[in-house]
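Undergrad: If you want the building blocks of each chain, they are given just below.
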Amino acid sequence: MDLSSQILQYVISGITNGAIYAVIALGFTIIYNSTEVINFAQGEFVMLGGMAVIALDGNGHLPLGFSFLLAVLAVTLVGIALERFTIRPAKSSNPIALIIITVGASIFLRGLAMMFWGKDSLGLRAFTGSSPIHFGGATLIPQSLWVLGVTVVVMAALQFFYKHTITGKAMRACAFNRRAAGLVGIGVNRMVMVSFALSAAIGAAAGIVIVPITLCGYDVGIMLGLKGFCAAVLGGLGSSPGSILGGFLLGVLEALGAGLISSGFKDAIAFFVLLLVLFLRPSGLLGSKEVKRF
Amino acid sequence: MIRFLKYTWFQVGSFGLLLALVPLVVTNRYYLNVMIFIGIHTLLVVGLNLLMGYAGQISLGHAAFFGLGAYTSGVLTATYKLSPWPAMVIAVVLTVAVALLVGVPALKLTGYYLAMATLGFGIIVYICFKELVWLTGGPSGLVGIPKLSIGTVVLDEPRTYYYLVWAITLGAIVLSLNIVDSRVGRALRAIHDSEPAARASGIYTARLKIWVFVVSAIYASVAGSLYAHFITFISPSSFDFMFSIKLVTMVVVGGMASIWGAVFGAATLTVLPEVLAVFHDFDIVIFGLILMVVMIFMPQGLTRGALDLWEKYRLQRDVAGGSLSGG
Amino acid sequence: MMVEEMNAPLLKADNLSKSFGGIHAVRQVSFEVPTGQIKGIIGPNGAGKTTLFNLITGFYAADAGAIYFNGRTLDGLVPHQVAERGVARTFQNVELFDRMTVLENVMVGRHPKSRAGFISAAFRLSHARREENNIINKATEILNFIGLSERAASPSTSLPFGLQRVLEIGRALATDPLLLLLDEPASGLNAGETRELGRLICRIRDSGITVVLVEHDMSLTMEVCDQILVMDYGRTLAEGSPRDIQQDPEVIAAYLGDEPLA
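Residue numbers (numbering that gives the first Met the number 0), protein chains in the order written: chain A, 0 to 293; chain B, 0 to 326; chain C, 0 to 261.
Derived from the structure by calculation, the hints contain no laboratory data.
Source: prediction; values computed, not measured.
C-beta atoms are modelled at their ideal positions from N, C-alpha and C, and glycine is treated no differently.
The reader is advised that the hints may include incorrect statements.
[To be verified] Label-pair ranges, simulated between beta-carbon atoms:
no.	chain 1	residue 1	chain 2	residue 2	range
1	C	ASN189	B	TRP259	28 to 34 Å
2	B	TYR30	A	ILE260	43 to 49 Å
3	B	TYR312	A	PRO62	53 to 59 Å
4	C	PHE19	A	LEU279	48 to 54 Å
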């Protein structure tokens, strides 16, 4: 392979991973906007989605689409439970306490996953075929198209939800000003719960589509979650378009860096980008909210 | 004020005496090893508490400084055959340099943004430990780190190392108690309570935040060196993101802005996984559950939370007792 | 000391301007505060009074214009440097250190007048101990002056609101200021507390400290101020003695409505 087709290959795999980061970043953004909580258990939603679909698919003879929906539903319930039993009863709004609560939840979920499914990484059959598609000297596996397709559907659905449904509009109001939203009769608590449900659902969807490419184990949640979080900061914490942009950008940067510089430091690239953004432009690429700097 | 000083010395003195007596009673190596870990963790947490509890600045990457101390000591002594004590000093110098490099831009940020920056820093350092195989031995770890010795006496027995670790930790506790109750300590607390008022009172908050970050990094570096020479084998997984979180949790569980709370938090969270080990694979489930429950219901930490619960219980008992005698 | 220096104003603002986005919070404001006086700055909400304080104390940098204090420019200084030069301030929404005692709050105010750092504090070096004793003495002296010595050991949050304002002034005094800026010190106080505060402000002036106060409360301003500056929409509307201001038709129209001041 010559250099240009090699780069094309990196960009393709970067976009595939980036799509997942974008969805996870969106999950952070949804919850951050409604609660100002950074949910460190976000990556566990992705892991649970992957593990659940593997379990459902392996168990019986369910159609894959059905397993997909069932897995998303199950993880959504986990998201709702997380909000109901940890965030809502929390007495403190101190960021440190909230960070530790969500980290505790993430450890808890990871532990449960390990008990249920063991410590091995598991795989899943590709949604449709596995013979690679060739173009421009690079190859593309069909599952990548599924990843991109599902990502686009998730984004479109979210966009529709925010712009055209009452609940979505109410959530935007909450994000803009919680107190004012409460005063005009929006049930802020319910909106917070919806945000956790949504965030869990899209996280699970991301986890499901990526399994056939990357496998899934009980411990994949931390890194995925943290990278999605880097993507959210890169794009601008609290900005949905920013999360999407940040996700894809991070995926591509990471793939190029891993391919051209060093694969060992692949994971460091995301965090290096995170530091650069925070030090040079803490509001991110598209963030508008003023960042507290002295 | 003199009385208060004596009071502090009394606390430190009795705690020191208690610690000195432990090895006379406890001879089991396993228990002594746990006590040594508690000492190392206490050193880390007391330093982190100066930054978090007093100055109110979050660090989610403190494991990195612990690791820098451990790896610098480890590499210099195991690979380059330097003697441990100078290596420890070099580790501190290196850690200070890194803390300044990261702290100067990072501490311009507040709240979540500072948390994220320190998190990112911590993970980058962790990945370096893992990937710089030629230097650190990579994921399989660095072996052959010598035991510490004082003069010609090699501290290869848990009991002697116990005394060394706790002597250093106790010293660090005394220094911290002094710092907290001083002009600098008040300035740190002032930053936490109201940064604008601190600045208007003439406190150069930006510089002070960097200094306290550096001081807490020094504590962590020394703890790292002590750790490396104790277990003589280090690998990156001891310095990962989860360990940073564990340190933050030790601070919070013990109660922020309390030096003795830090000791308590370090002890609790060091012993807890050992106790939970009997549950085998359940241990992390239970650990996660405990983190959540404590933070949900006692966000001020266990010490404060337990006191509050006791107050509540006493009140209720008194009310119950009163109605009984009345009826 | 030369005669010119004696007569030079302690604080001089020259054509100060500051805007946020499109809003001109302060527009070409100039004024002088002579040494030893109490100057009042009044104006409706949003007139730019607090912004003016934030400009003087280095919390904001001015877009244009200059501030001279004690004959030197304050341009480019950040808040702690301004405090070291001898300008102390209080805040509109009382900013005390909530987890400290009353005495400790005042002790923090001694920060610019003391030196001990991490090392000398950690090892309790003798000069740090001496300095700490001096800080305690000075803080105790100030608590006596503001009448809070009996509450020295109480948590600052246990004070009633009126005394919290007084404590904040005490903390500012601990920096040994030449100039004290009070941001709406009477807001939230009842009539009795306000009179008490007025007496305290006069005693502070009599001890040689120049005072500038931003205020809504007319009774306080008219009673204690030697000079008053009226601001409206970021601009200077009028300046003069309380009597002049009370009779200034423009002030009456813009700020006080049709009724003359009591």
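Undergrad: Determine whether the Cβ-Cβ distance between PHE19 (chain C) and LEU279 (chain A) falls within the hinted range of 48 to 54 Å.
TA: At roughly 23 Å between Cβ atoms, LEU279 (chain A) and PHE19 (chain C) fall outside 48 to 54 Å, so the hint is violated.
Undergrad: At the C-beta level, are ASN189 (chain C) and TRP259 (chain B) separated by a distance inside 28 to 34 Å?
TA: Violated, since ASN189 (chain C) and TRP259 (chain B) (Cβ atoms, about 42 Å apart) do not stay within the stated range.
Undergrad: Do the Cβ positions of TYR312 (chain B) and PRO62 (chain A) conform to the proposed distance bound of 53 to 59 Å?
TA: Holds, at about 57 Å.
Undergrad: At the C-beta level, are TYR30 (chain B) and ILE260 (chain A) separated by a distance inside 43 to 49 Å?
TA: holds (48 Å)
Violation of the numbered hints given earlier is confined to hints 1 and 4; the remaining hints are satisfied by the structure.
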